[in-house]
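Visitor: Listed below, chain by chain, are the residues.
2 protein chains.
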Amino acid sequence: MADYRAPRDDMDFVLHDVFRVADDWQQTPELADMMDVETAGAILDEGAKVAENLVAPLAREADEEGVKFADGVVTTPKGYKENFRQLSEGGWVGVTANPDFGGMGLPKSLSAQYEEMLCSADIAFSLYPGLTSGAIMAINSHGSDELKNHYLPRMVSGEWTGTMCLTESHAGTDLGIIRSKAIPAEDGSFSISGTKIFITGGEHDLAENIVHLVLAKLPDAPEGTKGISLFVVPKFLSDEQGNLTERNAVSCGSIEHKMGIHGSATCVMNFDGAKGWLVGEPHRGLPAMFTMMNYERLGVGIQGLGAAERSYQNALEYAKDRIQGRGAKATRNDQAEADSILVHGDVRRMLLTMKSLTEGGRAFSTWVGQQLDRSKYAEDEQVRQKADAMVALLTPVAKAFLTDTGLECTIHGQQVFGGHGYVREWGQEQLVRDTRIAQIYEGTNGIQALDLLGRKVFGSQGKLLQPFNEEIQSFLDETATGSEWIQQREQLQQALNILNGVSEEVLQKAAGDENLVNSVAVEYLHLVGYVSYAYLWLKMAIAAEPLVNEKPYLATKTKTARFYFARILPRIHSLALAIKDGSESLYLHSDDDF
Amino acid sequence: MADYRAPRDDMDFVLHDVFRVADDWQQTPELADMMDVETAGAILDEGAKVAENLVAPLAREADEEGVKFADGVVTTPKGYKENFRQLSEGGWVGVTANPDFGGMGLPKSLSAQYEEMLCSADIAFSLYPGLTSGAIMAINSHGSDELKNHYLPRMVSGEWTGTMCLTESHAGTDLGIIRSKAIPAEDGSFSISGTKIFITGGEHDLAENIVHLVLAKLPDAPEGTKGISLFVVPKFLSDEQGNLTERNAVSCGSIEHKMGIHGSATCVMNFDGAKGWLVGEPHRGLPAMFTMMNYERLGVGIQGLGAAERSYQNALEYAKDRIQGRGAKATRNDQAEADSILVHGDVRRMLLTMKSLTEGGRAFSTWVGQQLDRSKYAEDEQVRQKADAMVALLTPVAKAFLTDTGLECTIHGQQVFGGHGYVREWGQEQLVRDTRIAQIYEGTNGIQALDLLGRKVFGSQGKLLQPFNEEIQSFLDETATGSEWIQQREQLQQALNILNGVSEEVLQKAAGDENLVNSVAVEYLHLVGYVSYAYLWLKMAIAAEPLVNEKPYLATKTKTARFYFARILPRIHSLALAIKDGSESLYLHSDDDF
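Going down the list, the protein sequences come from chains Y and E. Numbered according to UniProt numbering, the first sequence terminates at residue 594, and the numbering increases by one at each position without gaps. Numbered according to UniProt numbering, the second sequence terminates at residue 594, and the numbering increases by one at each position without gaps.
Calculated directly from the structure, the hints in this document are not laboratory data. Only a predicted model underlies this, so the values are computations on that prediction, with no experimental measurement involved. Worth double-checking, as some hints may not be accurate.
Stated by the list, open to error - For lysine-lysine, the following BS3-like pairs were computed, each having C-alpha atoms within a straight-line distance of at most 25 Å:
#: 1; chain 1: E; residue 1: 68; chain 2: Y; residue 2: 68
#: 2; chain 1: E; residue 1: 78; chain 2: E; residue 2: 68
#: 3; chain 1: E; residue 1: 559; chain 2: E; residue 2: 509
#: 4; chain 1: Y; residue 1: 509; chain 2: E; residue 2: 509
#: 5; chain 1: E; residue 1: 181; chain 2: E; residue 2: 148
#: 6; chain 1: E; residue 1: 463; chain 2: E; residue 2: 509
#: 7; chain 1: Y; residue 1: 275; chain 2: Y; residue 2: 148
#: 8; chain 1: E; residue 1: 148; chain 2: E; residue 2: 320
#: 9; chain 1: Y; residue 1: 580; chain 2: E; residue 2: 559
#: 10; chain 1: Y; residue 1: 226; chain 2: Y; residue 2: 275
#: 11; chain 1: Y; residue 1: 559; chain 2: E; residue 2: 509
#: 12; chain 1: E; residue 1: 580; chain 2: Y; residue 2: 559
#: 13; chain 1: Y; residue 1: 509; chain 2: Y; residue 2: 551
#: 14; chain 1: E; residue 1: 226; chain 2: E; residue 2: 275
#: 15; chain 1: E; residue 1: 386; chain 2: E; residue 2: 320
As the list claims (entries may be wrong) - Okay, the calculated beta carbon distance ranges per label pair:
#: 16; chain 1: E; residue 1: 549; chain 2: Y; residue 2: 291; range: 54 to 60 Å
#: 17; chain 1: E; residue 1: 17; chain 2: Y; residue 2: 71; range: 56 to 62 Å
#: 18; chain 1: E; residue 1: 474; chain 2: Y; residue 2: 551; range: 58 to 64 Å
Stated by the list, open to error - Which bits of chain E does chain Y cover? Going by a derived footprint, with three or more residues having C-beta under 8 Å, they are:
#: 19; stretch: 28–37
#: 20; stretch: 283–294
#: 21; stretch: 343–356
#: 22; stretch: 440–454
#: 23; stretch: 515–526
Glycine included, C-beta positions come from ideal geometry on N, C-alpha and C.
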């Protein structure tokens, strides 16, 4: 497998030439003093070294070795522990965490780049700091000062890690029917009982303690999702100074044997009257959990992006090195017995599909990151509201579209390798296996689509689409029609019109057809994804043009943009037709017909 | 994982109600006496038992155990040896083989059904009889009587197995540059030297001898693909009675560790002056190998089909059993806490996508099987010529489209399972891993597309499209316009027109653009695939309608047909747009730009 090389140039281009995130930072008191273009660059350079030199080299062997389970103890693959220690010491576990508790406090637009690099290096490993980071955010947002002061410094430093315990064997998507119970104790703590499955990092040997965030129901809980509370349940109890005292009644019953992410421990966790503390209000656990969900979902999307980038790098190196067959006359090397397979149109099709989806994906994740930052930091109420709306709309797209296209890219990369892509030694097939889970966990991509079209678009009667629409429309209006991008500009306008037309039709029909939304939601999400990437590609092409002399690596931007409009964007036409068909053809079959 | 249940009803429907293959058999002297609807049914019923009861139960454990290699010896997973013995004794290795040498001599339309069942049961296991069957066909078609009499009876009986040794480490797709050598010996044999990679079943413990078909170059060989000869090289030499005498200089150097098909041995084979015998004419090895290639490629396509069927069965059982979440009011079970996930539109979308692609794929493989049979047996010269043309056109589509849609179906199936789809225990993720190779081996799907658009369509200047066109057009002309299928009939006509328009455009432009064909070939192949399935779905729907009372399982045919036209066929519009774009956007990047 090719050594991983972080696409730092492209990250800087997207951050500073396309989205000008430093302008945002300057207007944000929390960031103005600590962050500028240079500092950001230095941080990402360090992050790139971590990903390239520390994390990436272990990924292949960790996949072969996997996590091991015996008598409740989980052993991670060779090197993970030392790497986690180094990562922690470098401050990378607390990369987005509150500086009051030792975190770096990076804005999301920036940390998104670091996360991408970590995922390109090794998705399985990235989950340990990733889940910890999520747990930190939940406690920081909803925990009492006591909980925060006790847990956060130790989690931010990586001494303790975190998990999120939601799923039960009968309740994945539908959390309203969970059965885990929390009984109040006299000292203000709670006794937590129940079994959770699919708990990433539920048990491992990377840190001395593990802090579980657990959804459970209080005795007086209302039925359904409005009766769920959130608890902190540590593996070890500790005294006020944080010294571990006794083992809590939490244990790992077994681990899953999975298709991929073999280095990540996916645990069945048993809570047998374990001591826990309430986070936030009683029965308000789901909203508390969902505060961080937008960040988490972007984070999972970025797993797909990281894998796509790695797939492209590997496949490109292979394509350049693989000498076989002859190109068309114009492209042929007459001195050699055969040409590199890069001469073949179909190999280029696969490479450029990956390249356009990956660079488009990086722009998308940065865009969403910027909106998350504005939603969190912006002082101007209007800016913040617009950002809130954009985050609400785009988060499910980030999660699902980045991972769906991520899988597509890893499969293209594997195909470029031919038979070698199927052999484990080359590392390419691991990307397919590792990426596949990202379409499933943290809410399946079908659920993301339902969130987008059902809760967000239909739920707001289309209002949440407005800021998205306005941003693209005003970009189009500002873009000179006489430019050499006239054709792409027209295509983008057409794509936006198609999306709006389809949205209107769905809104009209959905009121009278309760099956409609969930029947067309996935195609709708993909439509939003491709329209977004078209906007971003045109934005990138126009931003790149004047900079090409100064930054030669931008020379390919405009070419890849043309490829995207020519070969990828046309996918919207089939999607629109499928959406227009509605729910009818899905409900001709009775349940018994199946 | 759900127990596998062979879709025997659907097979009978396709064979007899849609394609009326028994009419063909009656007109074929070789088949008229031995084969009729009842006999065929009895054979497939037996085949179904083999797949369901013998082969399928071992697949999961064989995946975990894998093949083992030590000191040149390969050990297959537990139970494979006994199963292969039983399969052989039942005559299933020689299912299509020449009855003169003990084969069943089944027509391909029929054996395709058996192959599908075997692949649904366990793709890895199916490769051992599958490759043997291919080697039998090559020797039967091109070997001398001496070779045939010596090898075929023992291969047909499964005492000896067969391989095909084509690929070398530097030469996969491009066989013209292979380096294996064959030096003539005085006794009429040849001394074969070279190293072959990716040899399926190159070494194993299922049979006492292995017969390798090896491509190598004679000393006086012209350069390139016109200088390749085909040799039989057995693992053990044998006397005239077939008793093994001494080990030949062939050995397995190592096996690959792969993403899937863990039960299949993929070997590096070293030939160190091994004794071999020429099959067919010197330097005519490639054409000899390609005689059976149409059968082999359909066979690989059927791997995708078999996996898709299995994926559908598993996912459907899971969807019915999984009680979670609530359906829309109309579909809700008010007595329960939650509904089966079958009520959700998105779950139906995934299930019906699988169902329509799988049943469409079964019709397609049967259609191609029927054409192969006519090409082989038809006494009428015109019928034979038409069938030859159809086989030439449709074989690459069968290989690539059945496997591309096969992967799509296994991924949908996995998604229906949610997190459980990622856990090995459930068996669903194995289908994804096992199917993925079928898009790569026996000529990657990109190469199939190049074969279709380059060699077949462009090479014949569109003539090979004519019989395909005529068949669909005359079906359309015969179909009453007043029927309830009027909308689908129009859609099929439109789809055919789009295909013809695109074909014409490519033919015109390809003469002046040597990069064009390979730049749009994959999209073109998919276009042909979706148009073909539209034809087959309409044909099936119309065939099913009058039979519904007699055969209640056909009630879903017309519903699934409507789904296909509403939700799947629209994919052609995006494909056509991408094809129209041509090669330009792929060649904006110079090699160095990548």
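Visitor: It remains to establish, for every hint, whether it holds in the given structure.
Guide: Verification of the hints:
no., hint, verdict
1, 68/E x 68/Y, "holds, 22 Å"
2, 78/E x 68/E, "holds, 11 Å"
3, 559/E x 509/E, "violated, 40 Å"
4, 509/Y x 509/E, "violated, 43 Å"
5, 181/E x 148/E, "holds, 24 Å"
6, 463/E x 509/E, "holds, 17 Å"
7, 275/Y x 148/Y, "holds, 17 Å"
8, 148/E x 320/E, "violated, 52 Å"
9, 580/Y x 559/E, "holds, 18 Å"
10, 226/Y x 275/Y, "holds, 23 Å"
11, 559/Y x 509/E, "holds, 22 Å"
12, 580/E x 559/Y, "holds, 18 Å"
13, 509/Y x 551/Y, "violated, 49 Å"
14, 226/E x 275/E, "holds, 23 Å"
15, 386/E x 320/E, "violated, 45 Å"
16, 549/E x 291/Y: 54 to 60 Å, "holds, 58 Å"
17, 17/E x 71/Y: 56 to 62 Å, "holds, 59 Å"
18, 474/E x 551/Y: 58 to 64 Å, "holds, 60 Å"
19, 28–37, "violated (count 0)"
20, 283–294, "violated (count 0)"
21, 343–356, "holds (count 10)"
22, 440–454, "holds (count 7)"
23, 515–526, "holds (count 8)"
Checked against the numbered hints given earlier, this structure breaks hints 3, 4, 8, 13, 15, 19, 20; the rest are met.
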